[in-house]
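Peer 1: Below are the chains, spelled out letter by letter.
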Amino acid sequence: MTAVACLLGFCLLLPWLGYPLLAFVFTTLLLQRLGGGRWATAAAAGVVTAALSHYLFAVLLGVPLPRGFLY
Amino acid sequence: MGAVEGIAYGLGVAMAPANLLACFVGVLIGTIVGVLPGIGPIGAMALLIPSTLALSPTTALIMLAGIYYGSMYGGSTTSILVRVPGEAASVVTAIEGYAMARRGRAGAALAVSAVGSFVAGTLGIFGIVLLAAWLADQALRFGPPEYFALSLMGLLVLSRLSGGSVVTSLFMVGAGLAIGTVGMEPISGVSRFTFGWLTLAQGIDLVPVIMGLYGIAEVLVLAEQGVRRARIATVRLRELFPTAEEWRRSAAPIARGSAVGFLAGLVPGPAAVLSTFISYALERRVSKTPEQFGHGAIEGVAGPEAANNGATAGAMVPLLSLGIPFAPATAILLSALVIHGVQPGPLLMAQRPDVFWGVVASMYVGNAFLLILNLPLIGVFVSILRLPQHVLSTLVLLLCLVGAWSLNNSLLDLWVLVLFGLIGYGLRKLAVDPAPLIVALVLGPFMENTLRQTLFMAHGEWRLLVFRPLAAALILVGLIALIAPPIVAALRRR
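Going down the list, the protein sequences come from chains V and S. My numbering puts the first residue of the first sequence at 1, with every later residue one more than the last. My numbering puts the first residue of the second sequence at 1001, with every later residue one more than the last.
Computed, partial: chain V to chain S, Cβ under 10 Å:
(1) A23
(2) F26
(3) T27
(4) L30
(5) L31
(6) A45
(7) T49
(8) A50
(9) S53
No wet-lab data here; the hints were simulated from the structure. Please read these numbers as outputs of a predicted model, since none were measured by experiment. Cβ atoms here follow ideal geometry from the backbone N, Cα and C, with glycine treated the same way.
Work out the full structure: start from the sequences and follow the hints.
Peer 2: Now the structure itself:
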């Protein structure tokens, strides 16, 4: 259920929040709810994932990822 | 230039340091791209075309082609290990391959698929060399009626051969065709099923649909089952290699798959994907142990994996000898050729033998690279399995999302992805096979085009389809596939 909500949420919020922020939120939420660990661990993983994926896709592969209102 | 001289010349071209490097980079990227769900070879190829501008046309084509067939190797890896196909042509491998992985035979599945792909690629290259000129001639006889008949037959046969009931499969076919009609119709400019939304005018892209139906749906099913469910597919090192018996059982499927794939590649349409379905169905039919299918029959990995590589080789034939792309990937290769100032078409062999033979020979080199890359690296892929399930699921979801976005920068694709993820989840619950839907989705626009052309040719007379022998024969085959089995079964019962 959470996964569905996260997926729908991702689609809805992407233009507003932008990819990096949303990827962080998405990953953190999902990891915590699916894996049942501590929020801190999930959040840390979320940061790493968002950063890495942003680097991989936006920088290395040149895929324009939406930026949202932050920048 | 005869075949033997051509190969020798081509090998010389392919071994040039720049081309060798381009080949390696291409197949490496292809494998990675194949492993990652969402980013497909087509996207990667399209993204890399600008980077190849500084290279010679031969080098550029070698690298791009490497991505194409390399992705067939990589796609099978995630299919087997995680049951998320890296791309469409690995969907079938996920069925048997994942079942094998759950029994601890993941390494064997990976090895068989790598070797099968290699054999198919090599045989396919021989096929290209031997048949390019002759096949170009034959294919010229195909007109729109034949193409339409072929597509129709393909769908009917697929409905019959797919898992589940024929009626359900036909329903899936209908759904796929219907979905394919969404968007602005190119010839008349009429917008269909767009409900006034401009974004829908571009139609519904195939890739997010596939990613949703297979990738997201699988993750949702897993997520529902919760953390309790331990990752069963652990692989012990000593089980990395297939047993002698597994090799023996794979040999014939590999041969059949290579042939099926190559033949499928020659014909327009989603050759690689379709060939895997045909190969799988064929293996199930031919097998002496059909009850094993669905539970880890190695024939179901060997055949389709050989088929999809055979198909990439086969698809190169019309591209190189006719200048006509029959698959989206070869369409990209075609545009790369044009960008580099090479005139594609029947004269390519004569005018630019360096391009033709160089690319053909490099495919052999590339397949060799891939075999070397995939066998030792199996250990690397296996260790990915040790990641906890929720991590993998989350990553897969994220990658699917980014992948879908990377296609067109379109939010629509994301919605399609999620929507079809939900639909796929529902289908799984109902034990319905989504494969016919996908094939119909891909073939739909093509069929509509060819039907329109056919009717145009015949001034509105449907009978043209029946009057042309080849078209009629194809349609007959399709109808037989659909109607015959129940009739035969009924007759037997009497």
